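K.L.:
Sequences are here, hints too, so could you generate the full structure?
Residue numbers (my numbering), protein chains in the order written: chain A, 1 to 122; chain B, 1 to 122.
Note that these hints are calculated values from the structure, not bench results. These numbers were taken from a predicted model, which means no experiment stands behind them. Please note that a few of the clues may not be correct.
As the list claims (entries may be wrong) - Looking from chain A toward chain B, a few residues come up when the C-beta cut is under 8 Å (computed):
1) 92
2) 93
3) 106
4) 111
5) 115
Claimed, not checked - Derived lysine-lysine pairs resembling DSBU-like cross-links, with alpha carbons at most 35 Å apart:
6) 66(A) with 55(B)
7) 55(A) with 3(B)
8) 94(B) with 55(A)
9) 3(A) with 94(B)
10) 94(A) with 66(B)
11) 112(A) with 112(B)
12) 94(B) with 112(A)
13) 94(B) with 94(A)
14) 112(A) with 55(B)
15) 49(A) with 66(B)
16) 112(B) with 49(A)
17) 112(A) with 3(B)
18) 66(A) with 29(B)
19) 49(B) with 94(A)
20) 94(B) with 55(B)
21) 3(B) with 5(A)
Each residue gets a CB set at the ideal place from its N, CA and C atoms; glycine is no exception.
Protein chains: 2
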Amino acid sequence: MSKQKTVVYNAVMSSSDHPTADMVLSRCKEVMPSINLATVYRNLNALIKEGAIQKIMVDGGDRFDKTLGTHAHFQCRVCNVVFDVDGVDLSCIKEGLNGIANQVEDVDVTFKGVCQSCLNLN
Amino acid sequence: MSKQKTVVYNAVMSSSDHPTADMVLSRCKEVMPSINLATVYRNLNALIKEGAIQKIMVDGGDRFDKTLGTHAHFQCRVCNVVFDVDGVDLSCIKEGLNGIANQVEDVDVTFKGVCQSCLNLN
DNA sequence: AATAAATTGATAATGATTATCACTATCAAT
DNA sequence: ATTGATAGTGATAATCATTATCAATTTATT
Numbered sequence: 001m002s003k004q005k006t007v008v009y010n011a012v013m014s015s016s017d018h019p020t021a022d023m024v025l026s027r028c029k030e031v032m033p034s035i036n037l038a039t040v041y042r043n044l045n046a047l048i049k050e051g052a053i054q055k056i057m058v059d060g061g062d063r064f065d066k067t068l069g070t071h072a073h074f075q076c077r078v079c080n081v082v083f084d085v086d087g088v089d090l091s092c093i094k095e096g097l098n099g100i101a102n103q104v105e106d107v108d109v110t111f112k113g114v115c116q117s118c119l120n121l122n
Numbered sequence: 001m002s003k004q005k006t007v008v009y010n011a012v013m014s015s016s017d018h019p020t021a022d023m024v025l026s027r028c029k030e031v032m033p034s035i036n037l038a039t040v041y042r043n044l045n046a047l048i049k050e051g052a053i054q055k056i057m058v059d060g061g062d063r064f065d066k067t068l069g070t071h072a073h074f075q076c077r078v079c080n081v082v083f084d085v086d087g088v089d090l091s092c093i094k095e096g097l098n099g100i101a102n103q104v105e106d107v108d109v110t111f112k113g114v115c116q117s118c119l120n121l122n
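P.N.:
Following this line, the structure appears as structure tokens:
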């Protein structure tokens with residue numbers, strides 16, 4: 001692992017807000033000001049390929065997630081914030097998958113709506 | 001509804017393969033060769049806002065879906081094909097949503113893996 | 001230390017989507 | 001029928017996120 005890759009990895013692992021690539025870049029720069037956006041993307045993709053982090057595709061661009069394994073997300077359609085939704089049993093939805101079950105490797109579950117702080121602004 | 005908007009709408013409604021914007025453009029051109037990509041995007045977004053069609057965000061760019069209401073999708077990580085997954089009970093995953101249930105409006109569920117035809121190529 | 005291999009930073013290129021803007025189609029009111 | 005107001009279009013430029021390129025630097029290997 002190169003120094004830059006370690007910095008990128010640590011940035012994701014210490015983020016609980018599902019950062020975009022740009023947000024990862026800013027956090028990396030706090031610790032290594034010379035680090036470049038291309039390097040961030042390169043290492044994010046490498047870490048994904050290695051299975052060290054995850055990518056989630058939502059409105060406003062892809063985001064990166066330190067949490068492995070299947071878990072649900074919520075995204076606000078007003079401010080685009082993304083957070084984990086715990087306590088949701090995802091195993092139940094796999095039951096109807098008999099026909100294609102052999103080829104299913106993962107499930108993305110994203111709830112959409114308006115977050116509490118955007119609701120409070122009304 | 002303008003002629004172009006009708007053409008865009010019909011293109012989506014007659015597509016069961018969750019087309020990208022480019023695929024929608026090609027299908028519109030078959031019936032109205034002068035139609036423009038910007039017009040397609042404009043009308044796709046208008047139709048989404050009106051709730052006439054849906055957008056799903058997956059690898060390889062956004063796709064457009066004639067089917068309203070919550071239903072699950074499958075995307076192949078090899079060829080990127082997207083298709084509906086029927087027979088999956090999605091109501092069960094809403095059970096753990098008490099905390100944020102009031103603000104949840106929709107759920108995206110996308111299974112990921114390798115489709116049957118890509119499996120057969122090995 | 002010398003060489004090879006891998007990684008970086010800088011930047012150009014790409015691809016998808018959106019914004020702009022001059023022009024055209026629509027349509028109600030004259 | 002003609003006008004004027006407005007909405008919508010086509011063409012294209014601009015934007016934004018992401019990827020590709022490549023010379024320079026760092027790291028590993030002999």
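K.L.:
Give a verdict on every hint.
P.N.:
For each hint, the structure was consulted:
Because the smallest distance between the Cβ of residue 92(A) and any Cβ of chain B comes to about 4 Å, under 8 Å, the interface hint for this residue holds. The interface hint given for residue 93(A) is met, as the beta carbon of that residue sits about 5 Å from the closest beta carbon of chain B, less than 8 Å. The restraint placing residue 106(A) at the interface with chain B holds, with a minimum CB-CB distance near 5 Å, inside the 8 Å limit. Satisfaction of the interface hint for residue 111(A) is found here, the shortest Cβ-Cβ separation to chain B being roughly 5 Å, below the 8 Å cut-off.
Below 8 Å, beta-carbon pairs count as interface contacts, and residue 115(A) has one with chain B at about 7 Å; its hint therefore holds. For the hint linking residue 66(A) to residue 55(B), the alpha-carbon distance of about 26 Å falls within 35 Å, and the restraint holds. Among the hinted pairs, residue 55(A) with residue 3(B) is inconsistent with the structure: their alpha-carbon atoms are about 39 Å apart, more than 35 Å. For a cut-off of 35 Å, the pair hint linking residue 94(B) to residue 55(A) stands: about 23 Å separates their Cα positions.
For the proposed pair residue 3(A) and residue 94(B), the alpha carbon gap of about 42 Å is over 35 Å, so the pair is violated. Only pairs whose Cα atoms come within 35 Å are accepted, and residue 94(A) paired with residue 66(B) is accepted, the gap being roughly 24 Å. Using a Cα cut-off of 35 Å, the hinted pair residue 112(A) and residue 112(B) holds, with the two alpha carbons roughly 19 Å apart. This hinted pair checks out: residue 94(B) and residue 112(A) have alpha carbons roughly 12 Å apart, not beyond 35 Å.
At most 35 Å may separate the alpha-carbon atoms for a hinted pair to count; residue 94(B) and residue 94(A) meet this at roughly 14 Å. In summary, the hint linking residue 112(A) to residue 55(B) is supported, as the alpha carbons are separated by about 13 Å, within the 35 Å threshold. Distance check on the hinted pair: residue 49(A) and residue 66(B) sit about 33 Å apart at the alpha-carbon level, within 35 Å; holds. For the given pair, residue 112(B) sits about 15 Å from residue 49(A) by alpha-carbon distance, which is consistent with the 35 Å threshold.
The hinted pair formed by residue 112(A) and residue 3(B) meets the criterion: a straight-line CA distance of about 32 Å does not exceed 35 Å. Simply put, residue 66(A) and residue 29(B) have alpha-carbon atoms about 44 Å apart, too far for the 35 Å limit, and the pair is violated. Between residue 49(B) and residue 94(A) the CA atoms are separated by roughly 31 Å; this keeps the pair inside 35 Å, and the hint holds. With a C-alpha separation of about 21 Å, the suggested pair residue 94(B) and residue 55(B) falls inside the 35 Å cut-off, and the hint holds.
For the given pair, residue 3(B) sits about 52 Å from residue 5(A) by alpha-carbon distance, which is inconsistent with the 35 Å threshold.
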